[in-house]
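**Q** Residue-level listing of the chains:
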Amino acid sequence: MPTSLGSTFWERALQAGTLAIVVCFTMGASDAGLRFNDLGHRLMCTCGCAQLLGECNHVGCTESGRERAELSAAIASGLSDKEILDSFARKYGATVLAAPSTQGFNLVAWIAPFAVFLAALLGTILLVRHWSVGRTQPSETHTPEMDALRERIRRETDAADGGF
Amino acid sequence: MATFGVLALLIALALAAYNLIAGTVALRLLATGQPARISPERLADTARRAGIAGFIAVSGAAFALVWSVFANDFSIAYIMEHSNRALPAPYKFAALWSGQEGSLLLWAWLLGAYGFVLRLRHHTDVKLYAYAGAILAAVQVFFLAIVNFAAPPFALTQGAIPEDGFGLNALLQYPEMVIHPPMLYLGYVGFSVPFAFALAALMMRYPGEKWIKITRVWTLTTWLFLTCGIFLGMHWAYAVLGWGGYWGWDPVENASFMPWLTGTAFMHSVMMQEKKGMMKSWNVWLIFCTFLLTLLGTLLTRAGLVSSVHAFAQSSIGTWFVVFMGIVLAVCIFTYILQRSHLKAEHQLESLVSRESSFLFNNLVLLTACFVILWGTLFPVLSEYVQGSKVTVGAPFYNRVAVPIGLFLLFLTGVGPLLPWRATSLRAIRRNFILPTVALWATVIVCIAVGVRPWSASPDGGFDTGSFYALIGFALSAAVFTAIVSEFLRGAAVIAKQTRRNLLSSIYQLTRRNTRRYGGYFIHIGVVIVVVGLSGAAFNKSVEKELALHDKMSVGPYTLECVGFTQDSNPNYNSEFAMLDVYSGGKKQFQMTPEKRVYLASQQPQTMVAVHSVPGWDLYVVYEGTNPDTDQPIIKAFLNPLVGWLWAGVVLIVLGTIVALVPSLKPLTAATKVPVLRTAPADPVLHPTDQKRSAGTPVMKGGD
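Quick mapping for you: the protein sequence lines, in order, are chains B and C.
Start counting the first sequence at 2; every next residue gets the next number (the numbering used here).
Start counting the second sequence at 2; every next residue gets the next number (the numbering used here).
Since the hints were derived computationally from the structure, they do not count as laboratory data.
Don't take each hint at face value.
Claimed, not checked - Partner residues aside, some chain B positions facing chain C, computed with beta carbon under 7 Å:
hint: 1; residue: Arg43
hint: 2; residue: Ala100
hint: 3; residue: Thr103
hint: 4; residue: Pro114
To be verified - Calculated cross-link-like contacts (lysine-lysine; reagent style BS3-like; alpha-carbon spacing at most 25 Å):
hint: 5; chain 1: C; residue 1: Lys277; chain 2: C; residue 2: Lys214
hint: 6; chain 1: C; residue 1: Lys211; chain 2: B; residue 2: Lys92
hint: 7; chain 1: C; residue 1: Lys391; chain 2: B; residue 2: Lys83
hint: 8; chain 1: C; residue 1: Lys588; chain 2: C; residue 2: Lys211
hint: 9; chain 1: C; residue 1: Lys498; chain 2: C; residue 2: Lys542
Every residue, glycine too, gets a C-beta built ideally from N, C-alpha and C.
Can you make the complete structure from the sequences, with help from the hints?
**A** Put into structure tokens, the structure is as follows:
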């Protein structure tokens, strides 16, 4: 059955997509050079330039050189990413972290965008379905003949229908 | 000149206040029909003329400030702080918007200019324009009150007047900074006009959707300015800041992006109102929010609410803005509650899979993106309020949260135009989507074949998120591009068949017949090209090295050899730069000269990046200064793939918007000869020539 084949394909594509997204959010870096680059982009320069530590390059910066050296030393000493980020946060304050942590109230920063998006998406789908169900549209409008006719009309009037 | 400027601003405020009060009274009299000593029509006209005169007064003040900059009048504190004698003329002009007071004056002047054009065109619909003019006057009163009382640009220097000024901020001494801020402000201020029309139409229960047609050109032009402003800012950041990127999710960048997102949502959803009479409340609130976001953007930029590369120091105008935004919101809510019965939809959505619902989802995603950015921008303030300590919300947060939303939006950009209005069938979906789907998977295969393999892209052989998003970006871009091109070809084929034109001519004809639709498609193609450019950032490479004379460094296919260091100076700045010969394939290709400047008046250093751009990548070289320990110059070289595509995409977006602004051709009608019965000559006998004409065959032309 083409329909069931099609639905199986879409289900698998959805599963693969979900898996890929989960994987991409859970993988991390491990090599020292890579870790320096990664952590350098998760920390801010504290000189007030509002740039990431890994990208701060303004001439005469009094902080970034020293902080980069601290980061290199911390990586060389065998500390984990979390321990390094925590030690920087203790020393320079929470603003040294380029993104909010996932603990306490800061977790709200991460959850709220997805929660709002999902709520809005769900709300929109329910609203459209409610409107669709509430209509008394005759089902004949969805017959293949009507589809063909609609498509023909659409093609022929395409250029002048003000459709965009 | 300072006295002239102060007087001009006071007169402008008085005229704007008169415009607001007299305009409101006149409209009230017209609405209630109460008798008055002066006819409401005449009173409304005096209000309109006051608005026009107000623009002239603000122009006088802006002229006074520019004149003072060129005259090096350091008795004015603003001029002393933002200019100096050696500053080149174009940057002296840019000093108008380089500080808080001047940029607020620019806001007021541009608002006056928009209002001037609006009031001159009042014959289109006198009453609607009178309402809109009064609303614009209210906004103008706010900005003129600020520049008169809270942030006066003509305040005098305290104490002794210095011989020279402090100079313009070094970051602003770049050619694009003469264009970028005015473009951005034209975009910000321009949204006041559709806001004023929307509120006016709601207040007066304006029948039909004509107000949308009236404001369409305003909205599109404003959106174009904002788009240009944002991308010019990106290009400036790329060429001047020297960190190799163009977008850092800085709060001020975010502030310009938010109204762009809601404005884009408005331009899409407003089509639903025009065509179907749907989403009326939604559209009204979209434009209200867009206007409020432009105010928020100005607040963020000017009041130091959040820390930013661009934001000015803490100042008192934040309170003014918060109060004004509160008043605007209250007026919008009150008017909406009072008049909401006027906004009932005439139709409802029929299917989840239709053009209408695609617009709805497009709006949903755009607004979610706007919420994410607003949330990220204001979360530090919220965190300080709740936890007592600030946190930073920087690029890692936005890259993780906003990029997937952006990719979903790109998906909708391709899907939406392929869906017919009202409803569709599975068969039609399959037919329309088969080509884009083939393009999508073909791109995935080609990308993997050429080495875009997210599962092993990181140096340690692990999964790389950036490559994964880039792969999705490339694939979706190919699909959307195919979808749009197939739409063009489908329409052009019909015209080619009807008129026997060639394909290119048919595409031109197709676009001219419906500039709005096909201009929109050009914009979408531009967006696709921009996404390809953005996706390239996942593959950036950089190398940093101290280079002595004849030392070499390599990045990508290039080898850079240092052949000299030299210095230069002029009255405005001292500069030192490196001369680097660039080799590729063993042959010398070109020379690059990255530069570092120190501006004399401000003693601020500045990098001037050297960029060699080809379609595949940019070679981007920064002279970072010298190592104080070794006295060796430090060179940082980046290989940034596909950056040129970003700027090319913007050009196409601009061209597409211009196409969409051009009125469509009337539908082609063929002259048809229709035989008519010969009638008996009338009495008296016609003149011979007339007789001849009456006997001929009339030519009928089809109506519109």
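**Q** With reference to the structure, classify each hint as holding or not holding.
**A** Here is what the structure says about each hint:
1. Proximity of Arg43(B) to chain C holds as hinted, the smallest CB-CB distance being about 6 Å (cut-off 7 Å).
2. A distance limit of 7 Å between C-beta atoms decides the matter here; for Ala100(B) the minimum to chain C is near 4 Å, and the interface restraint holds.
3. Violation of the interface hint for Thr103(B) is found here, the shortest Cβ-Cβ separation to chain C being roughly 11 Å, above the 7 Å cut-off.
4. Hint status for Pro114(B): holds, given a least beta-carbon distance of 4 Å to chain C, under 7 Å.
5. Restraint check: the Cα-Cα separation between Lys277(C) and Lys214(C) comes to about 14 Å, which is no more than 25 Å; the hinted pair holds.
6. Taken as a hint, the Lys211(C) and Lys92(B) pair is broken in the structure, with Cα atoms around 61 Å apart against an allowance of 25 Å.
7. With a CA separation close to 20 Å, the supplied pair Lys391(C) and Lys83(B) stays within the 25 Å bound.
8. Between the alpha carbons of Lys588(C) and Lys211(C) the distance comes to roughly 64 Å, so the proposed pair goes past 25 Å and is violated.
9. As the CA atoms of Lys498(C) and Lys542(C) are separated by approximately 51 Å, the hinted pair breaks the 25 Å bound.
The earlier numbered hints that this structure contradicts are 3, 6, 8, 9.
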